[in-house]
Structures are given as C-alpha cells and as structure tokens.
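S.K.: Each protein sequence line maps, in turn, to chains P and U. Position one of the first sequence corresponds to residue 36 (this note's numbering), numbered consecutively onward. Position one of the second sequence corresponds to residue 36 (this note's numbering), numbered consecutively onward.
I should point out that these hints are in silico values taken from the structure, not numbers from a laboratory. None of the hints are false.
It does not matter which identical chain is used: a pair holds within one copy or between any two.
No farther apart than 20 Å at their CA atoms in a straight line, the calculated lysine to aspartate or glutamate pairs in the EDC-like style are these:
(1) K64 / E167
(2) K87 / E100
(3) K373 / E125
(4) K373 / D416
(5) K87 / D370
This structure is a prediction, so every number in the text was calculated from the model and none was measured.
There are 2 protein chains.
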Amino acid sequence: MEEIKMIVDGTVTTPLGFTAVAHAAGLKKENQLDLALVVSESDCSCAAMFTKNQVVAAPVIVDRETLAQNSSRLHAVVINSKNANACTGEPGLANARATQKIAANALDCQPNQVLVLSTGVIGVQLPMGKLEAGIVAGAKGLSRENGRLAAEAIMTTDTHPKHLAVQVELPGGPVTIGGMAKGSGMIHPNMATMLSVLTTDAAVAPDLLDGLLRMAVNRSFNRISIDGDTSTNDTILLLANGVSGTAVTDPESIAQFGTALNQLCTQLAHMIVRDGEGATKFVEIQVAGAQSEADAHQIANTVATSPLVKTAFAGSDANWGRLLMAAGRAGVAFDQTKINLWIGVQQPDELQLVANGTPTEYQEMDAAAVFAEPEFKILLDLGSGGGGTAVVWTTDLSHEYVSINTDYRT
Amino acid sequence: MEEIKMIVDGTVTTPLGFTAVAHAAGLKKENQLDLALVVSESDCSCAAMFTKNQVVAAPVIVDRETLAQNSSRLHAVVINSKNANACTGEPGLANARATQKIAANALDCQPNQVLVLSTGVIGVQLPMGKLEAGIVAGAKGLSRENGRLAAEAIMTTDTHPKHLAVQVELPGGPVTIGGMAKGSGMIHPNMATMLSVLTTDAAVAPDLLDGLLRMAVNRSFNRISIDGDTSTNDTILLLANGVSGTAVTDPESIAQFGTALNQLCTQLAHMIVRDGEGATKFVEIQVAGAQSEADAHQIANTVATSPLVKTAFAGSDANWGRLLMAAGRAGVAFDQTKINLWIGVQQPDELQLVANGTPTEYQEMDAAAVFAEPEFKILLDLGSGGGGTAVVWTTDLSHEYVSINTDYRT
Numbered sequence: 036m037e038e039i040k041m042i043v044d045g046t047v048t049t050p051l052g053f054t055a056v057a058h059a060a061g062l063k064k065e066n067q068l069d070l071a072l073v074v075s076e077s078d079c080s081c082a083a084m085f086t087k088n089q090v091v092a093a094p095v096i097v098d099r100e101t102l103a104q105n106s107s108r109l110h111a112v113v114i115n116s117k118n119a120n121a122c123t124g125e126p127g128l129a130n131a132r133a134t135q136k137i138a139a140n141a142l143d144c145q146p147n148q149v150l151v152l153s154t155g156v157i158g159v160q161l162p163m164g165k166l167e168a169g170i171v172a173g174a175k176g177l178s179r180e181n182g183r184l185a186a187e188a189i190m191t192t193d194t195h196p197k198h199l200a201v202q203v204e205l206p207g208g209p210v211t212i213g214g215m216a217k218g219s220g221m222i223h224p225n226m227a228t229m230l231s232v233l234t235t236d237a238a239v240a241p242d243l244l245d246g247l248l249r250m251a252v253n254r255s256f257n258r259i260s261i262d263g264d265t266s267t268n269d270t271i272l273l274l275a276n277g278v279s280g281t282a283v284t285d286p287e288s289i290a291q292f293g294t295a296l297n298q299l300c301t302q303l304a305h306m307i308v309r310d311g312e313g314a315t316k317f318v319e320i321q322v323a324g325a326q327s328e329a330d331a332h333q334i335a336n337t338v339a340t341s342p343l344v345k346t347a348f349a350g351s352d353a354n355w356g357r358l359l360m361a362a363g364r365a366g367v368a369f370d371q372t373k374i375n376l377w378i379g380v381q382q383p384d385e386l387q388l389v390a391n392g393t394p395t396e397y398q399e400m401d402a403a404a405v406f407a408e409p410e411f412k413i414l415l416d417l418g419s420g421g422g423g424t425a426v427v428w429t430t431d432l433s434h435e436y437v438s439i440n441t442d443y444r445t
Numbered sequence: 036m037e038e039i040k041m042i043v044d045g046t047v048t049t050p051l052g053f054t055a056v057a058h059a060a061g062l063k064k065e066n067q068l069d070l071a072l073v074v075s076e077s078d079c080s081c082a083a084m085f086t087k088n089q090v091v092a093a094p095v096i097v098d099r100e101t102l103a104q105n106s107s108r109l110h111a112v113v114i115n116s117k118n119a120n121a122c123t124g125e126p127g128l129a130n131a132r133a134t135q136k137i138a139a140n141a142l143d144c145q146p147n148q149v150l151v152l153s154t155g156v157i158g159v160q161l162p163m164g165k166l167e168a169g170i171v172a173g174a175k176g177l178s179r180e181n182g183r184l185a186a187e188a189i190m191t192t193d194t195h196p197k198h199l200a201v202q203v204e205l206p207g208g209p210v211t212i213g214g215m216a217k218g219s220g221m222i223h224p225n226m227a228t229m230l231s232v233l234t235t236d237a238a239v240a241p242d243l244l245d246g247l248l249r250m251a252v253n254r255s256f257n258r259i260s261i262d263g264d265t266s267t268n269d270t271i272l273l274l275a276n277g278v279s280g281t282a283v284t285d286p287e288s289i290a291q292f293g294t295a296l297n298q299l300c301t302q303l304a305h306m307i308v309r310d311g312e313g314a315t316k317f318v319e320i321q322v323a324g325a326q327s328e329a330d331a332h333q334i335a336n337t338v339a340t341s342p343l344v345k346t347a348f349a350g351s352d353a354n355w356g357r358l359l360m361a362a363g364r365a366g367v368a369f370d371q372t373k374i375n376l377w378i379g380v381q382q383p384d385e386l387q388l389v390a391n392g393t394p395t396e397y398q399e400m401d402a403a404a405v406f407a408e409p410e411f412k413i414l415l416d417l418g419s420g421g422g423g424t425a426v427v428w429t430t431d432l433s434h435e436y437v438s439i440n441t442d443y444r445t
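Build out the structure end to end from the sequences listed, making use of the hints.
M.R.: Next comes the structure, spelled out in structure tokens:
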C-alpha cells in the first residue's frame, strides 16, 4: 500500500487544473468574503450527495436537475454564504438558475456545467444584483493561490476555514485530492456537512466517483453530530478533472484512491466537529457488541445527540448514567445486564466504569480526569454476542452553543 | 356532560381514604425532604405505565413484577428522591425488594401491596439504613394534610411541587382524582413523566383503570418534551381505592371519569413543561394536514426537540426556517410547496409566516412580538390533504438548562 501524504495547508486548488476566487459581494456586512468560485480548466466528472431533509433549498433542487443531465462535463461551482436560498419558492429557484447563467457567461461555459451552493439564513431572497456583480468581478481573479480564501468565503458561524489535501501515488502516477468544508451547527447525519467541495486531478468515471464518494461520506461526514439538526442545504460535491493524467480504473488504484478520499473526508469531518458551535470537547463514541452496524450506529448517534450527555461533557462530569440512559432510548433492544462501559484519553478502554450493567470500583477522580480532557473516547460494549460496531464523533453542549443560536439572526 | 371542578391546591390525599407523609431521610443534604409515602386505608386497583427505555431502574423491574402478581389489592407507594437506584445490578434489585418489605412491616401489609419509586442520580446504591429509618419514622406521621409535602419530597431539579386534583359528579355520586408529578429534565415521550402518582376514591376495575390511564397519558404526558431524553425510571401510577362508594362501570361514568383523568394528566404535564430545566417559554406546537396522527406527532415532536428551534425560542427569534428544517428531518414525507405556517399568542393562527412554502409579506416586528411572549402557539399545516393532527407542548433551550445540567452531580 502506497503512503498517503497529508498536505495540511492543501485546498481545493492543490489538485492540478483547479483555480478559485473569493469575493466580498456585499451579502455579509463589513466587506467580509461571502462568495467563492471553484473552476476547473477542463471538464470534470462529478459526484454529489445532498441533504435527506424533506425541505430542500433551491440550489439543491437545481443541482440535482443539473447533475441528472450532466455528470461528466462540469466546469465550475459557485458558493455564496449568508443566504441559504431555502424556503424561497419559485423566485428562489429562478434565482439559483439565473446564478448558473451568470457564472456560465462569466466563465464561458454552459449553465449546466455550473453547480450552485448556498448557506446562511432561510426564507430570504438572494440579492441578485450584488451576486451578479460579485460573480462577474470574481471571475477575473481566478488563481491557484485562492484556495484558502475560498474556504473562508463559505463560512457562516465557523470560526476558521476548513481545508486539506491528500496526495497518493497510484500505479499510474501521483494524484491529489483537495477539499474544503463549512459547517458548525445543524450538523448531523444525514448529511453532516453543510457544504463541502472536493476536487481531484485524477480521472475517475462519474459512476465510480459516486460509489467512492458515498463510501467515504458514510464513514466520515455521516458519523459526526453536533446538534442533531440537519440542514435544508447540506451538499458534498466531488469534481474530478483528470488533469494529472492518472486514471482510476484498476482495482489497486480504486482501493488506494478510495482510502485517500476516506482519509480526506474523515479529517474534514473532524474539523467540523472541533469547530462545532460552542464546542469545548471532541469526543469519540464507539459502540461494539451490537447485533449489526446499523444498531451500533443508531445507539452511538443517540448518545452523541443527547442534551443530557452533551451537557455532562461540557461540565467535565463523568455522569455515565446519562450515557446508558441515552443508549437505552435509541430504539434498539439489548440486555442491560450485559453492558460494559469504558472511557479513556488515548485508548477508549483505559478505565472501566460499568461491568455487566453494574458500576465497577473505579475512582471518581480517575473518571473525572478523563472527562476533563479536551479530547476523550468512550467505548460502550452491548455484549449481545453480535459483531456490530460503529464510531461517531461529537462535541459538548455548552453555554456558547446557546449564545450563538439565540442570537444568530441579529 | 357534568362539569369537572379543578382543585388547584388538591393533592394525592384529596381523594377520600388516602394519607401521605414526607420525611427528610438524609438522602439529600441539609435536612431536605427526600422520602414520601402515599397510603390507602383500603385495597386499591392499580394501573401503571413505565419508561420504554431499554435501561430500566430496579424499582421499575420490581414494580412490574409486583403488579403482575397483584393489581387489585395495592396499599402503599414509597418514593425516594436523590437516588434513582438505576444501573445498580443485583444489589439494587435486592434493595428495592427490601424497601417493599420494610414498608410492608411499618404499614402492616404484604410486600406485594407496596410499590416503590426512585428518582435521582444513576449508578449509586441506596443508603438502606437511612431509608429504613426514614420509612419507619415516616409511617407514624401519615395524614391527609401531607399531600403537598409529599409532592415536595419527590422533587429533584424541580423548582416547585406539582400537584392538583379534579372532582367530577358521576351518575353514582361525586369522585375525586388527585395527583402529583415530578420531573423537569429527561422529559420526553415515551414516557414524559419522570414520576407521577395519581389517586382516586372511585372504584374502578384494574383492566378499565389501565385503559383509561393509557388513553389519558398518551394525550398528556406523552405529548410533552423538554430535552428528548427519557429516563430509566419514568413511572405513572394510578391507584383507585373506591372509598367514595361510587363505581365507574357504566358507559357514562367511564366517559366522564376518563375526561376528568385526561384533564388532570394534561394539567400536571403542563406543570412539568413550565418547570422544565431552565425554561423561559411555554410553546404549543400544533401540526395539521398530515396523512396520519402518527405522522403529525412525529413532526411536532421533532420540532419540539430540535436544539436550533429551542435556542431560537430562548432568543425570542421568530426564525421559522428552523421550524421547517426540523419538520423536514422528522422522517415523514411531505411536499414543501404546500406548507403553511402560522404563529399566535391566544390562537395559533393569528399571523401567517409561510404560505405554500414561501414567506408571506408579514412584518418581522409582528413575528418577533409573538416569540417575545412567555407563552405562544405554532401551527404547521402540511397541506397533504390528510386529517392527521397532533399537539405537543415544549420549552426553550436556555443558558440555564446548560448550567443545571453541567453541574447536576456536584
């Protein structure tokens, strides 16, 4: 297996053949960046995953339509922050389609080669004059140097831009995958992302790209939870332009590319959790010994979403009764007399708190020391005899989360 | 239909033939009340509903066993606060059974005529010496005057005792139903109660009592949500001793008694929401136009549980996009272009915010005025053409909720 190289300052423009621009179009106050374009010098295959919410924003509807017509000759992505273009009815759909046309004109391509993403407040129409002027001005500033600024322009309550690239040596040569993500509230499977744009200079057919993206996302973005709320706009795009000259077609390349993509997605997903609204903790919840992976995931997820568990995290209180309470209400049958629970900082099984459903003789001080760390791990073994396991990453529920979300629109 | 009379200072001892006592057994600090006995002068029918959590406390297991043997000759209920006797294994079960025996000796009845309830911290064994001394001392102080103090003794993070009685004139004569409840966190269907003990001097056969209790609870305690967390201990008991001499057997009596019981449960459930941990708002969420009541309930529940919705309530921010977002992730299919949303203070349909999925021309100031009230109503009509409706009552998610739950064990 070839080594996968992490490029910590990598971005969507680290793969060959991609440029970007960030612009202050006037959607946010005080000349803050609120518009990003990501453009490929040649046609891209594209795979996408969208929110499973019943209420979907106009750009999600338009992108689904666009990709149904064209998933092999994509050229650009336009992303605006501050305004989600959600619950905006027919005018909102018309605005999303107009955005495609404006960008197509500015970039000399067809409207169905442009995807649009929006994030921000719901129920307000996009200021199309500002957006058009921004896209036209922005299109003149495309550069390989702007990947980090693009990641900044798509932020809402994020406290810092989230971007990364990975490089992997395939049998046919080296390829790079870059990515950016935004999101720090309304974070929950499915989808957990808010928005993420991934780029690669590998050549990958659309169907294969789709399969690889789904596999990676299900073990990364779909395994994080901040508040259990999913958004109307959640979208992940993966664009592959083939500019590296290396194709992903043989089994070995597919496996290696898939592993690299999975690592990229996992790291970006972790960045989202670490920057979760008001987050002061990063907690890994492992569930083992379930009848199935689905059962394990359901329990890990319910624990990760429980307000009582998350406030205990915030208070550095090793109140494991709440962990068991939350596991018990996940809708999965298990025998409470077979539960084992461990916690730890480096490894999840450093300190056993519960053995066969009953507290061990652990010292409260030792448990408190683990929960006092900014990062720790929890392992809940249901002891069902089944092999179902799952890992979910989450944060605490702090005063700061409440502050951010009581004041969001003001 | 006979009038139902609310007795606002009524308690579990308002119905004839019931006495109670409250005692400071030393489980809580500083001589606070932490033990209550409710005793009937004659045998009672009893109906009960318990938590649906997979992890259940020892008293839940023991009470289920007891009621399976005997649901027609119950005599007393022993309730302690501060310690939940949950996740305490075999020793915890033995302690719950020992509590039955201690109370049976003190009250001169059989152990299977005593039910036990516990609420408080999980994973700590009951201090049986203190509990035994408390029960023995308490049994000497039984009186009809102690109903309010009993409601106080079962509190944990509640800020005030919750009790009420209703009186109804049945064809056979007047009967009274009294009740007390505790709970302000871990409140969510099913069950929403934490603990509630209801008493009546009507004579009602156990099977009928069970049916009437389930009907009342499903429209009251199971329709409130504070934080989505259900407890290991949630229990509602309804004891009927027949001391009034009036039996509930004919259809008219059954209907009237059922209505009175439903009103009592609804009022007690509302008291729990109003006293929700850190609650500053009381919000009624109505969902209409769903394909079924189950769909409507599922959506109302998801909205009521969403941290982003609840923080918007706390901030008095009429951020209706979050209401639609939460409705959309409830797992119920609907057409977003048919959604209508109203809000109001007295009536839920005073101000329409969304018509056919698109914002109306409402004034932000008017919407903010509604959300600034301590109590308001929301009506979400899915426009599916179906007749499914449901009402759920909930609170906001405030800084105070986080403070209470980060510090609970300290």
